[in-house]
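These protein sequence lines map, in sequence, to chains S and Y. With the numbering used here, the residue at position 16 of the first sequence is 16, and numbering never jumps. With the numbering used here, the residue at position 122 of the second sequence is 122, and numbering never jumps.
None of these hints come from the bench; they were simulated from the model. Please note that a few of the clues may not be correct.
To be verified - Under the rule of at most 25 Å between Cα atoms (straight-line distance), these lysine-lysine pairs were calculated in the BS3-like manner:
{"id": "1", "chain 1": "Y", "residue 1": "K159", "chain 2": "Y", "residue 2": "K10"}
{"id": "2", "chain 1": "Y", "residue 1": "K75", "chain 2": "Y", "residue 2": "K23"}
{"id": "3", "chain 1": "Y", "residue 1": "K241", "chain 2": "S", "residue 2": "K214"}
{"id": "4", "chain 1": "Y", "residue 1": "K109", "chain 2": "Y", "residue 2": "K119"}
{"id": "5", "chain 1": "S", "residue 1": "K213", "chain 2": "Y", "residue 2": "K4"}
{"id": "6", "chain 1": "Y", "residue 1": "K109", "chain 2": "Y", "residue 2": "K10"}
{"id": "7", "chain 1": "S", "residue 1": "K213", "chain 2": "Y", "residue 2": "K132"}
{"id": "8", "chain 1": "Y", "residue 1": "K118", "chain 2": "Y", "residue 2": "K107"}
{"id": "9", "chain 1": "Y", "residue 1": "K122", "chain 2": "Y", "residue 2": "K133"}
{"id": "10", "chain 1": "Y", "residue 1": "K107", "chain 2": "S", "residue 2": "K214"}
{"id": "11", "chain 1": "Y", "residue 1": "K69", "chain 2": "Y", "residue 2": "K4"}
{"id": "12", "chain 1": "Y", "residue 1": "K4", "chain 2": "Y", "residue 2": "K224"}
{"id": "13", "chain 1": "Y", "residue 1": "K107", "chain 2": "Y", "residue 2": "K119"}
{"id": "14", "chain 1": "Y", "residue 1": "K107", "chain 2": "Y", "residue 2": "K75"}
{"id": "15", "chain 1": "S", "residue 1": "K214", "chain 2": "Y", "residue 2": "K132"}
Stated by the list, open to error - Label pairs and their in silico Cβ distance ranges:
{"id": "16", "chain 1": "S", "residue 1": "N210", "chain 2": "Y", "residue 2": "S41", "range": "42 to 50 Å"}
{"id": "17", "chain 1": "S", "residue 1": "K214", "chain 2": "Y", "residue 2": "E157", "range": "30 to 38 Å"}
{"id": "18", "chain 1": "Y", "residue 1": "G128", "chain 2": "S", "residue 2": "A48", "range": "30 to 38 Å"}
{"id": "19", "chain 1": "S", "residue 1": "K213", "chain 2": "Y", "residue 2": "P40", "range": "23 to 31 Å"}
{"id": "20", "chain 1": "S", "residue 1": "P148", "chain 2": "Y", "residue 2": "R5", "range": "50 to 58 Å"}
{"id": "21", "chain 1": "S", "residue 1": "E50", "chain 2": "Y", "residue 2": "N11", "range": "28 to 36 Å"}
{"id": "22", "chain 1": "Y", "residue 1": "A200", "chain 2": "S", "residue 2": "I47", "range": "42 to 50 Å"}
{"id": "23", "chain 1": "Y", "residue 1": "R5", "chain 2": "S", "residue 2": "A48", "range": "40 to 48 Å"}
{"id": "24", "chain 1": "Y", "residue 1": "H20", "chain 2": "S", "residue 2": "L211", "range": "44 to 52 Å"}
{"id": "25", "chain 1": "Y", "residue 1": "S168", "chain 2": "S", "residue 2": "K214", "range": "32 to 40 Å"}
{"id": "26", "chain 1": "Y", "residue 1": "G128", "chain 2": "S", "residue 2": "K213", "range": "32 to 40 Å"}
{"id": "27", "chain 1": "Y", "residue 1": "N11", "chain 2": "S", "residue 2": "I29", "range": "58 to 66 Å"}
{"id": "28", "chain 1": "S", "residue 1": "M207", "chain 2": "Y", "residue 2": "A200", "range": "39 to 47 Å"}
Heads up, the beta-carbon is just placed ideally off N, CA and C, and yes, glycines get one too.
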Amino acid sequence: MELISGVNLKNLMFMLKTGLIVTIYLSIIAITIGTLIGSIIGWLRTIANEFFDSIILIFVDIIRSTPLIIQLLIAYHLPGFLGINISTILAGSIVIVLYFAANCSQVVKAGIDSVTFNQWRAAESLGFSYFQQMRYIILPQAWRAMIPSYTGFALGIIKDTSLISVIGVIELVRSGQIIISRTLNPLPIWFVIGLIYFIICWPLSKMSRNLEKKTQFGEK
Amino acid sequence: MAEKRILELKNVNKYYENVHVLKDVNLTVERGDAWAIIGPSGSGKSTMLYCINSLEPIQGGEIFFQGKKLSEYNKLEIHESIGIIFQNYNLFPHLTVLDNITLAPHKVKKIPMNQCRKKAIKLLEKVGLAHKKDAFPHELSGGQAQRIAIARSMAMEPKIMLYDEVTSALDPELVQGVLEVIRDLVREGMTSIIVTHEIAFARECTDYCLFMNDGEAEEIGPTKEVLNNPKNARTKEFLQKVL
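So here's chain S without its partners, still in its complex pose:
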């Protein structure tokens, strides 16, 4: 290829592949573990008393009200300051997972709250236990309210994993920068990397739209 003449193509591809793997790894753990933690927190908030809820909310608000990039930088410097020895990528991963969990918890809480009290009461009056009410009556309705904003946050976190490059972790964007520093030809590389993100994100966004349609039961 002429665009990158004089540079070892194989090395560059390897670089890109490594970056992609890190991006995918970060996205997957953020979304899986983050969703799990976020759902538990969101659900706890619907049954917590005021005091307990306000404590959860402090953590959620701190995470949601500071830039992810700052959280990553703090996570990078904090372990050393405290004398803890953990790898940069682990520290970064934890931050990204918690960031997604905090946002996810709000989505789950808002989704459950969107189902009216009357639905709970009707379900309760028919003899359903709390968990049956949740499973058969509340969540199927809450789901619908959650899907669009949940997808938004999921797509957001996939793209935001690139921020971990500020603490020296080589993911997709950082690998692009490194490649460009060798080839000195930025445009095609950024196009390729943009395309890779698109290939990852677009099916998710499409899937969520289909899911939204499927779970629709029609309201006036």
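Given the structure of chain S, go ahead and fit chain Y onto it with the hints provided.
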């Protein structure tokens, strides 16, 4: 005699925060009786139903259901054996009519699905809506939704049915269809407690009447006596306003 009494309220007191909503309410309901509960808005009628169904806790007195204190039952048992119909139907919007009716018997009572379906169809025929079995709640009129809600509750084979102003959210022309369903159930001997503003319906269809005012059971008696010859001044005043 004792086993005829299905429900008994003894000096029941209920507070919401600091508001005293039920004040020493006493009531004895025998099997097969139909009761009308009348009274101005905010007099505690609906709250009383919620307390009978254990949807709301009481702070004083006792409620006995089939001779046993409500507090000695598992709450779920009470919900299973006492049906309640709400003003706003509260059907489950994500389920079809049939699924609305079969869900509770199948999941709560663990009755096999094909049996639940058969039962549901029978109930739908009874309320005249068998053709709506695959419809979703948003495709129903208010009157139809309320009849489905009654069928859904009946599918649990309750011992008592409670009706909480079930026609007050309906357009006038839809009221009769719902009242007919209730009337049929009453005639079949279903013990019923009906909170209603439909005085004519109460007169025609219930045996006993309780007039509530400001959380107190002001007047209790056979429906005809209470409605035709009220002894209490407040009952008189209320009836004059609504009749």
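Verification of the supplied hints:
no. : hint                           : verdict
1   : K159(Y) to K10(Y)              : holds (20 Å)
2   : K75(Y) to K23(Y)               : holds (23 Å)
3   : K241(Y) to K214(S)             : violated (51 Å)
4   : K109(Y) to K119(Y)             : holds (13 Å)
5   : K213(S) to K4(Y)               : violated (53 Å)
6   : K109(Y) to K10(Y)              : violated (30 Å)
7   : K213(S) to K132(Y)             : holds (23 Å)
8   : K118(Y) to K107(Y)             : holds (16 Å)
9   : K122(Y) to K133(Y)             : holds (11 Å)
10  : K107(Y) to K214(S)             : holds (24 Å)
11  : K69(Y) to K4(Y)                : holds (16 Å)
12  : K4(Y) to K224(Y)               : holds (22 Å)
13  : K107(Y) to K119(Y)             : holds (15 Å)
14  : K107(Y) to K75(Y)              : holds (16 Å)
15  : K214(S) to K132(Y)             : holds (21 Å)
16  : N210(S) to S41(Y): 42 to 50 Å  : holds (47 Å)
17  : K214(S) to E157(Y): 30 to 38 Å : holds (34 Å)
18  : G128(Y) to A48(S): 30 to 38 Å  : violated (45 Å)
19  : K213(S) to P40(Y): 23 to 31 Å  : violated (47 Å)
20  : P148(S) to R5(Y): 50 to 58 Å   : holds (54 Å)
21  : E50(S) to N11(Y): 28 to 36 Å   : holds (33 Å)
22  : A200(Y) to I47(S): 42 to 50 Å  : holds (45 Å)
23  : R5(Y) to A48(S): 40 to 48 Å    : holds (42 Å)
24  : H20(Y) to L211(S): 44 to 52 Å  : holds (49 Å)
25  : S168(Y) to K214(S): 32 to 40 Å : holds (36 Å)
26  : G128(Y) to K213(S): 32 to 40 Å : holds (33 Å)
27  : N11(Y) to I29(S): 58 to 66 Å   : holds (60 Å)
28  : M207(S) to A200(Y): 39 to 47 Å : violated (56 Å)
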